[in-house]
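Quick mapping for you: the protein sequence lines, in order, are chains A and B.
For the first sequence, position 77 (counting from the first letter as 1) is numbered 77 according to UniProt numbering, and the numbering increases by one without interruption.
For the second sequence, position 225 (counting from the first letter as 1) is numbered 225 according to UniProt numbering, and the numbering increases by one without interruption.
Source of the hints: derived by calculation from the structure; they are not laboratory data.
Which bits of chain A does chain B cover? Going by a derived footprint, with three or more residues having C-beta under 8 Å, they are:
1. 13-19
2. 34-46
3. 49-59
A few chain B residues that face chain A, going by a derived Cβ cut-off under 10 Å, partial list only:
4. Thr241
5. Leu250
6. Asn302
7. Arg311
8. Asp345
9. Thr401
10. Val405
11. Gly412
Backbone N, C-alpha and C fix where the C-beta goes; we use that ideal spot for every residue, glycine too.
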Amino acid sequence: MLRIPCPFCGERDYTEFAFWGDASFPRPADPQELSDSEWSEHLFHRDNPAGQYLEYWHHALGCRGWFIIQRDTRTHLISPVCRGGEGRS
Amino acid sequence: MSRYSLATLARHAWRSNAHWPEALPERPLKPSYDAVIVGAGGHGLAAAWYLASQHGMTNIAVVDKGWLGGGNVARNTTIVRSNYFHPARRAMTNRALELWRGLSQELNYNVMFSPRGIINLAHSSSQMDDLARRGNAMMVDGVGAELLSVEDIRRRVPILDTDPQARHPIVGGMVQHEAGTARHDAVAWGYARAAMALGVDIFQNCEVTGIETREGRVESVNTGRGRIATPRLALCAAGGTSHLARMVGLTMPLENHLLQACVTEPVKPVLDCIVTHGVHNFYISQTDKGELVLGGDIDGYNNATSVGDPRTFEEIARVCLSLFPGFEQLRVMRTWGGVVDMSMDGSPILSHTSIDGLYVNAGWCYGGFKATPAAGEVLAAMIATDTTPSLAAEFGLDRFTTGAVVSEEGHGPRPWMYH
Numbered sequence: 001m002l003r004i005p006c007p008f009c010g011e012r013d014y015t016e017f018a019f020w021g022d023a024s025f026p027r028p029a030d031p032q033e034l035s036d037s038e039w040s041e042h043l044f045h046r047d048n049p050a051g052q053y054l055e056y057w058h059h060a061l062g063c064r065g066w067f068i069i070q071r072d073t074r075t076h077l078i079s080p081v082c083r084g085g086e087g088r089s
Numbered sequence: 001m002s003r004y005s006l007a008t009l010a011r012h013a014w015r016s017n018a019h020w021p022e023a024l025p026e027r028p029l030k031p032s033y034d035a036v037i038v039g040a041g042g043h044g045l046a047a048a049w050y051l052a053s054q055h056g057m058t059n060i061a062v063v064d065k066g067w068l069g070g071g072n073v074a075r076n077t078t079i080v081r082s083n084y085f086h087p088a089r090r091a092m093t094n095r096a097l098e099l100w101r102g103l104s105q106e107l108n109y110n111v112m113f114s115p116r117g118i119i120n121l122a123h124s125s126s127q128m129d130d131l132a133r134r135g136n137a138m139m140v141d142g143v144g145a146e147l148l149s150v151e152d153i154r155r156r157v158p159i160l161d162t163d164p165q166a167r168h169p170i171v172g173g174m175v176q177h178e179a180g181t182a183r184h185d186a187v188a189w190g191y192a193r194a195a196m197a198l199g200v201d202i203f204q205n206c207e208v209t210g211i212e213t214r215e216g217r218v219e220s221v222n223t224g225r226g227r228i229a230t231p232r233l234a235l236c237a238a239g240g241t242s243h244l245a246r247m248v249g250l251t252m253p254l255e256n257h258l259l260q261a262c263v264t265e266p267v268k269p270v271l272d273c274i275v276t277h278g279v280h281n282f283y284i285s286q287t288d289k290g291e292l293v294l295g296g297d298i299d300g301y302n303n304a305t306s307v308g309d310p311r312t313f314e315e316i317a318r319v320c321l322s323l324f325p326g327f328e329q330l331r332v333m334r335t336w337g338g339v340v341d342m343s344m345d346g347s348p349i350l351s352h353t354s355i356d357g358l359y360v361n362a363g364w365c366y367g368g369f370k371a372t373p374a375a376g377e378v379l380a381a382m383i384a385t386d387t388t389p390s391l392a393a394e395f396g397l398d399r400f401t402t403g404a405v406v407s408e409e410g411h412g413p414r415p416w417m418y419h
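Work out the full structure: start from the sequences and follow the hints.
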């Protein structure tokens, strides 16, 4: 089973967590200023890599903290994590 | 290529079955084709067949990185149905159902389509209301649906635990009698054989390594076996669509996730229809060999491999036993996974792209198999005429810009939540 290293609680089974998707891009500072296609790009279009992937996890059945991990979608090896939105590349 | 018939069967039996011609003979790669389809799975091969049989385009190549029918057409749970609420999804799968009925005859290949019915269970009165709403929507389109009482279900599927004290008490359900199963591998083989008989070339172990465009038009595709010049290129490679689209600088509204399934050891006939759970995502049917085929949710996090998380099986088994306690002693014989293209609204993409001559058939999520004939037919029409067939009108890529997403479940842009 995939084990997720929660930066607050340590490593736990992934069933304690809610997966919340791609964390590789920030939310646009001012969505009102975006064209429809730019907004679509942000909302729907994904790099979808086979490899290193930044993703949000929410420790829903634990401390309820949010954090980002980097996981390889081919091997599921996980690199160091950051809390909340800190340290997003 | 000879037709399969009772006469050929007898003739070859008379000759000790030693002289059957090779079903898929290897052919040399030509330097150019009128259209190239990437992906020798159900959808790609179906598109090739309909291009050849309905549009007279026979100078076509289907290329695949792996072997024929080795992707998701070999990995699904063989269910064919059209019990969708959304009109566009229902229309597409219903067209598929029409084609499924005559497919074995059309292809001269037994795809073993078996319209045994699918029962969606309900475990609460609100779920019954929801099924009634869905059934009504289906019947407006002439798709048969029938609400079932617990008593009806007990009669139809005696092995289900219909006890009111069950873990998930069943309060009723809905059946689509015309739904069923088909032999998934035979679908790929049948389409391939029929298409090849009309002149389509199929190349296995032929990975696409690049796509060349000129002035916004597809010009050629580079493969492990060499360059193929073509004005029309269709991507039918579930799990690989984002990768292929990246070759021409497009990002897709897709994510790759892993869907698993398993079969038990074969047993005598106990289940003559498909049953789906109303609370958990779970579906089960019995093959003609007697194995029970079970499936559930995707693993829940992006995955580029076909190796899944064992937890999904625990859940499938647990849910299965809550409905069928009698299956407790059955052993699981085989498990497997397939990488699916989960789209951002849970609905497929059958679309032109910003590159002329590049067409995308992707994002079928869990539900590609049932739509195989229709997806192939629609894609063939799109390739042959360079227009958008009416069945594909709502499945264009532009819906993610206009906001007209086709979201039956309404989870927003969270592909891991769709089914």
